[in-house]
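Enquirer: Each chain, letter by letter, is given below.
There are 2 protein chains.
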Amino acid sequence: MDSSFNPSVSVDCVIFGFDGSALKILLVERDTEKEVDAAPDHKLPGSLIRQDEDLRSAAYRVLEEMTGIRNIFLKQLHVFSDPERVVGNELQWLKEYYKVETPRVITVAYYSLLKLNKNIELHTRRKQAIWTDVQHVRHLALDHKKILMEALSTLSRELIYSPVAFELLPRKFTIRQLQSLYEGILGIEIDNRNFRKKIFASGYLTPTSEYEMNVAHKPARYYIFNKTAYEKEIRRKIRQGFIRWHE
Amino acid sequence: MDSSFNPSVSVDCVIFGFDGSALKILLVERDTEKEVDAAPDHKLPGSLIRQDEDLRSAAYRVLEEMTGIRNIFLKQLHVFSDPERVVGNELQWLKEYYKVETPRVITVAYYSLLKLNKNIELHTRRKQAIWTDVQHVRHLALDHKKILMEALSTLSRELIYSPVAFELLPRKFTIRQLQSLYEGILGIEIDNRNFRKKIFASGYLTPTSEYEMNVAHKPARYYIFNKTAYEKEIRRKIRQGFIRWHE
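First to last, the sequence lines map onto chains A and B.
Mapping of the first sequence onto the numbering used here: residues 11 to 257, in sequence order.
Mapping of the second sequence onto the numbering used here: residues 11 to 257, in sequence order.
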């Protein structure tokens, strides 16, 4: 019998938040002695899984602990399993922090999307976690920068192929906010006129009678995403066997 | 110190093969005493991971062992981590087979796409693995039926949003083969005329001067997928910030 090659399994959560203008990510400072690593030691929120929980429950546990909320978009991203991803001092720190004996740590990354608001910001501040502009993230502990890049790349793809953007926006939003979100995630500038034309052609945006207040520019109208109509149409198209990779 | 909640980690491979008319999946018979389970005990090919390998290497190891080939489409599907997924006799069998002590097994599923040919079929027969029509799979050991359903659902989505179908087809294929593949995976009948129209409109199919031989019906022309042109166009579109979920 040899259990020595049973790895520890953790979850790490890439929690994206959108404040109406920039895409942010939630980072925590590692609870570690300064000698371990001189660099500022920020990481993604995460945890080893418990014996009686599945991975999704573990990810929700981390998410709720850090943000105070639970019923939000959460999706498995990828498993990171390089045998060398946690070694030396890093592995030592983990063994002591979790009080486990382990040769190796495999992590399952999840990503989550939320609309930032005052309550969430209050909660995260109490947890000493920080919302950082994704464009400004330089170094992260372990392989967490790699995990973040993978999450961004997946989110970009989702943004193109599914209406996931609306998970990050308040229920009522302006076209400018929607465009900022696309630009923030895709990391590009999008032609304003083209974007508006495409998004209105979708037929899934319902105009409200409300406009922005107290803005210097011409107040923009608020819209609502018609999710029900979208999902109905997708089901219809799939029944017809539609193919869209070549469009 | 308590290592007891370190789970074992395995990979399980959903290996899809297309023979020109039906979508098949590779199954193995479990090496088990008949008392353990009276039902025919087929499962997905898989393995516990080794201490020095990452998950992808483990999946490639299984794939190569079972099919004799290596350089084919392989993608991480999902992690299955229900604490109750392997218990009782099933867990006992696993402990004895792998000679490990373990409270629980988490598996990372991969899926792979290949074009069936004589060499592969010879190899799999030697391994006593069987190619089964996906439509005919009833019961599988453990939660492998659930893994298969998840793989089919992911493959359906990929089929719609990416040109993944060509991984399952020989380099030269007929439109009929392409359509059979779509119908086999999506589990629907597709209108022939509509399909041809859509697929030709893509501009990514290059006609060859070759036709089917020895067929009862009018010989169909062979086509080649122009992958380079497709990838170039996608990169161009992404730079333009295109959105296609609403199209």
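No wet-lab data here; the hints were simulated from the structure.
Don't take each hint at face value.
Chain A is nowhere near these chain B residues, computed Cβ spacing over 12 Å in every case [unchecked claim]:
1) 17
2) 21
3) 87
4) 93
5) 112
6) 225
7) 247
Calculated cross-link-like contacts (lysine-lysine; reagent style DSBU-like; alpha-carbon spacing at most 35 Å) [to be verified]:
8) A:247 with B:237
9) A:137 with A:105
10) A:208 with B:128
Quantities reported herein were computed from a predicted structural model and do not represent experimental measurements.
Idealized CB from N, CA, C, for every residue including glycine.
Enquirer: Sort out which numbered hints this structure fails and list those numbers smallest first.
Expert: 1, 2, 3, 4, 5, 7, 10
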